[in-house]
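Keeping their order, the protein sequence lines are chains A and G. Straight run, no breaks: the first sequence in the working numbering ends on number 422. Straight run, no breaks: the second sequence in the working numbering ends on number 422.
Honestly, the hints are just simulated from the structure, not real lab data. Don't take each hint at face value.
Copies of the same chain look alike in the list, so a pair counts if it fits in one copy or across any two.
[Claimed, not checked] Listed next, the in silico SDA-like pairs over lysine to any residue satisfying Cα-Cα at most 25 Å (straight line):
(1) K214 - E353
(2) K214 - K344
(3) K276 - E345
(4) K281 - T365
(5) K276 - P395
(6) K296 - D399
(7) K296 - M203
(8) K318 - L382
(9) K367 - L382
(10) K318 - E218
(11) K367 - H398
(12) K276 - R357
(13) K281 - A393
(14) K344 - E218
(15) K296 - D370
(16) K276 - E392
(17) K367 - P354
(18) K296 - P395
(19) K276 - L303
(20) K344 - S304
(21) K214 - D300
(22) K311 - A208
(23) K162 - T365
(24) K276 - E343
(25) K162 - A371
(26) K180 - E389
As the structure is a prediction and not an experimental result, all values here were calculated from the model.
Protein chains: 2
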Amino acid sequence: MKVVIVGSGNVATHLGMALKNAGCVILQVLSRQLHNAECLAAMLEADAGNDLSKINREADLYLLSVSDTSIAEVADALPLLQGVVAHTAGSIDMEVLERFPLHGVLYPFQTFTKEKEVDFKTVPVLFEGNRSASRKLLNDVALSISTRVQKASGTRRKALHMAAVFACNFVNHLYTLADDLLEKEGLDFSLLEPLIRETTQKALTMKPADAQTGPARRGDRLVSQAHLEALEAHPAQHDAYALLSESIFRYFRRKDELYDQF
Amino acid sequence: MKVVIVGSGNVATHLGMALKNAGCVILQVLSRQLHNAECLAAMLEADAGNDLSKINREADLYLLSVSDTSIAEVADALPLLQGVVAHTAGSIDMEVLERFPLHGVLYPFQTFTKEKEVDFKTVPVLFEGNRSASRKLLNDVALSISTRVQKASGTRRKALHMAAVFACNFVNHLYTLADDLLEKEGLDFSLLEPLIRETTQKALTMKPADAQTGPARRGDRLVSQAHLEALEAHPAQHDAYALLSESIFRYFRRKDELYDQF
Numbered sequence: 161m162k163v164v165i166v167g168s169g170n171v172a173t174h175l176g177m178a179l180k181n182a183g184c185v186i187l188q189v190l191s192r193q194l195h196n197a198e199c200l201a202a203m204l205e206a207d208a209g210n211d212l213s214k215i216n217r218e219a220d221l222y223l224l225s226v227s228d229t230s231i232a233e234v235a236d237a238l239p240l241l242q243g244v245v246a247h248t249a250g251s252i253d254m255e256v257l258e259r260f261p262l263h264g265v266l267y268p269f270q271t272f273t274k275e276k277e278v279d280f281k282t283v284p285v286l287f288e289g290n291r292s293a294s295r296k297l298l299n300d301v302a303l304s305i306s307t308r309v310q311k312a313s314g315t316r317r318k319a320l321h322m323a324a325v326f327a328c329n330f331v332n333h334l335y336t337l338a339d340d341l342l343e344k345e346g347l348d349f350s351l352l353e354p355l356i357r358e359t360t361q362k363a364l365t366m367k368p369a370d371a372q373t374g375p376a377r378r379g380d381r382l383v384s385q386a387h388l389e390a391l392e393a394h395p396a397q398h399d400a401y402a403l404l405s406e407s408i409f410r411y412f413r414r415k416d417e418l419y420d421q422f
Numbered sequence: 161m162k163v164v165i166v167g168s169g170n171v172a173t174h175l176g177m178a179l180k181n182a183g184c185v186i187l188q189v190l191s192r193q194l195h196n197a198e199c200l201a202a203m204l205e206a207d208a209g210n211d212l213s214k215i216n217r218e219a220d221l222y223l224l225s226v227s228d229t230s231i232a233e234v235a236d237a238l239p240l241l242q243g244v245v246a247h248t249a250g251s252i253d254m255e256v257l258e259r260f261p262l263h264g265v266l267y268p269f270q271t272f273t274k275e276k277e278v279d280f281k282t283v284p285v286l287f288e289g290n291r292s293a294s295r296k297l298l299n300d301v302a303l304s305i306s307t308r309v310q311k312a313s314g315t316r317r318k319a320l321h322m323a324a325v326f327a328c329n330f331v332n333h334l335y336t337l338a339d340d341l342l343e344k345e346g347l348d349f350s351l352l353e354p355l356i357r358e359t360t361q362k363a364l365t366m367k368p369a370d371a372q373t374g375p376a377r378r379g380d381r382l383v384s385q386a387h388l389e390a391l392e393a394h395p396a397q398h399d400a401y402a403l404l405s406e407s408i409f410r411y412f413r414r415k416d417e418l419y420d421q422f
């Protein structure tokens, strides 16, 4: 399998290394900044370049790993290619690449940091393709680097990206709000470590809804009210507490009512 | 060290076993339901009873591991005792025990399930005592079962309990909201596992605020707005998304402004 990579960021780097380790030949790395292209090309034993019109025409697969906002622009600047052209973004439609006869998406679902190695085998990889030939090639490529490969439409890919905002970005903000409460009392966030690990473990082994505990789950509005009063001096914590408590309360009232109907 | 335990629930069970393994002699287990007292007493090789007036008077330490709402009632029903009397609750003041000359709190900070063994050595244990004698005894007891012992006032204990609501109860609810979004698209929550583990790991190794990523952190209101529109059919997710995005945005705007003043 011969591959050309357009882009030299975190995803291009990790994906390129994973493909090379899986036996693919990386023909070329193209990047706006020639220096960046050369750095990644050296790691991948590939040619480097910064001119999209001089892209190698012999590849089976062209991977566009550039920022979401640049994908359409790069696609338009490329010559027509016979290989499969795929981007690697979570929230961009496959159709942005429709001028290529074979096109698709190869979306590795993890946050990547250049300096930090990733066990790619465990990274979920979602793919889609416009025709059976592009689907087959992307499926084969995905299976060569990961054990968690799934065909997924753009709608599903976007749902996954949205879920990640809740389970990662927003979760981290709740950790921040908790950390602030502790810091004001001279307590260290690491005190929460055993509890955080237990919470994560439970959510991943049973359904998160079934693992829900706490005053709001028990419908204990007296405790919630006392907590809200204690948080009056902390507006960010107060507002998040009020909304999330109410959200939990409603979620389970609805569930319990549905259950009562059986 | 001779100990009497009042209560037979999850905390009483795990704390009792940890104390026994650390070489304490558990003289007696008292519980409203004699059967429950007998079950735990059998595990701890102790006497059992359900009559608070017949409590063993020879103990160095009396641990009240009953529900938050029962602590005051149990304390009032007990005869005067010469040993240290301590409860094990996160959000109840030590003063509820002030009729005992030596009193305090011993608060193990973890969620306990009876059937699931816990490595008590890693469980943070917070203590306070009304006099140096009670503080010393509670400190010694805590150090015999855990490597993470900390003296903490009631205010600090309550802050920790509140932080746990954010970092555990509310975090789990966000996992639930994410799970619902995935389920509607036929995707499995386990796809989030690598990302969740990475998020947790980062929050515990750097400050959570420094680990914040995502559209709201970047101040990218266009992406946030597109997400909100996509969530219009999901009111719980929509409202949580709106509030938490805004909270992240404000949190870092405030920080950045403070930083600009330097």
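State the violated hints by number, sorted upward, taking the hints as numbered earlier in the document.
1, 2, 3, 5, 6, 7, 9, 10, 13, 14, 15, 16, 18, 20, 21, 22, 23, 24, 25 and 26
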